[in-house]
Amino acid sequence: MLHELGRIDEALAVADGYLEVVAREQLTTAQRYVHTRVARLWAETGRQAEAVAMFDALLEQEVALGTSGLALGSVFEHRARIALALRDRATFELYAERCAVEYKKGKNALLHAKFARLIEHARQRDLSPPAELEKLLS
Numbered sequence: 033m034l035h036e037l038g039r040i041d042e043a044l045a046v047a048d049g050y051l052e053v054v055a056r057e058q059l060t061t062a063q064r065y066v067h068t069r070v071a072r073l074w075a076e077t078g079r080q081a082e083a084v085a086m087f088d089a090l091l092e093q094e095v096a097l098g099t100s101g102l103a104l105g106s107v108f109e110h111r112a113r114i115a116l117a118l119r120d121r122a123t124f125e126l127y128a129e130r131c132a133v134e135y136k137k138g139k140n141a142l143l144h145a146k147f148a149r150l151i152e153h154a155r156q157r158d159l160s161p162p163a164e165l166e167k168l169l170s
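Following the working numbering, the numbering of the sequence shown begins with 33 at its first residue and continues without gaps.
If you're looking for bench data, these hints aren't it; they were derived computationally from the structure.
Wrong hints could be hidden among the right ones.
Dumping the calculated DSSO-like pairs for lysine-lysine here, alpha-carbon to alpha-carbon at most 27 Å [stated by the list, open to error]:
no., residue 1, residue 2
1, Lys-136, Lys-146
2, Lys-167, Lys-137
3, Lys-167, Lys-139
4, Lys-136, Lys-167
5, Lys-167, Lys-146
What follows is a set of in silico ranges between Cβ atoms, one per label pair, in the way DEER data are often shown [as the list claims (entries may be wrong)]:
no., residue 1, residue 2, range
6, Lys-137, Pro-162, 19 to 27 Å
7, Leu-126, Gly-78, 21 to 29 Å
8, Leu-37, Glu-164, 35 to 43 Å
Glycine included, every Cβ here is placed at the ideal spot set by N, Cα and C.
Build out the structure end to end from the sequences listed, making use of the hints.
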């Protein structure tokens, strides 16, 4: 929210504090949530290399744990959004497709809507995905 209000420095400081607490207290359950939000913030505020590195480590961990469905789909969605922030079409398409595969397992209208918003966000950034990607949840 601070980021959306234009308070970038404050948002980054708070994010760093959250990372410190998660690591110090070994809050493994909160780690996925905090890391996804912080990485997106970093990607949108000039710390792209750090965002990608954090997310790649998170993805590796989630896959190793056997995470699937909504939890993994959400991680893929956030990685796709980082790719949008970086204007990286190929990476966006890769992770958007993986997101769709995981969300489709849920057979849930809300997940379809969530994916549709991701596709719309890509269009708004002039990175319209191929039609095949849009049809994945159909």
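Query raised in the report: Is Lys-136 close enough to Lys-167, meaning Cα to Cα at most 27 Å?
Result: 11 Å, holds
query: Would the pair Lys-167 and Lys-137 pass a check requiring their Cα atoms to be no farther apart than 27 Å?
result: Holds - the C-alpha atoms of Lys-137 and Lys-167 are around 15 Å apart, at most 27 Å.
Restraint check for Lys-167 with Lys-139, where alpha carbons must lie at most 27 Å apart:
Status holds; Cα separation ~14 Å.
**Prompt:** Is it true that the CA of Lys-136 sits at most 27 Å from the CA of Lys-146?
**Reply:** 11 Å, holds
Discussion item. For a C-alpha distance cap of 27 Å, please report whether Lys-167 and Lys-146 respect it.
Written reply: It holds: about 14 Å lies between the C-alpha atoms, which stays within 27 Å.
Check the following: the C-beta atoms of Leu-37 and Glu-164 are separated by a distance inside 35 to 43 Å.
38 Å, holds
How does the Cβ-Cβ distance of Leu-126 and Gly-78 compare with 21 to 29 Å: does it lie in that range? 23 Å, holds
- Query: Honestly, do Lys-137 and Pro-162 meet the 19 to 27 Å range at C-beta?
  - Reply: 22 Å, holds
Checked against the numbered hints listed earlier, the structure breaks none of them; every hint is satisfied.
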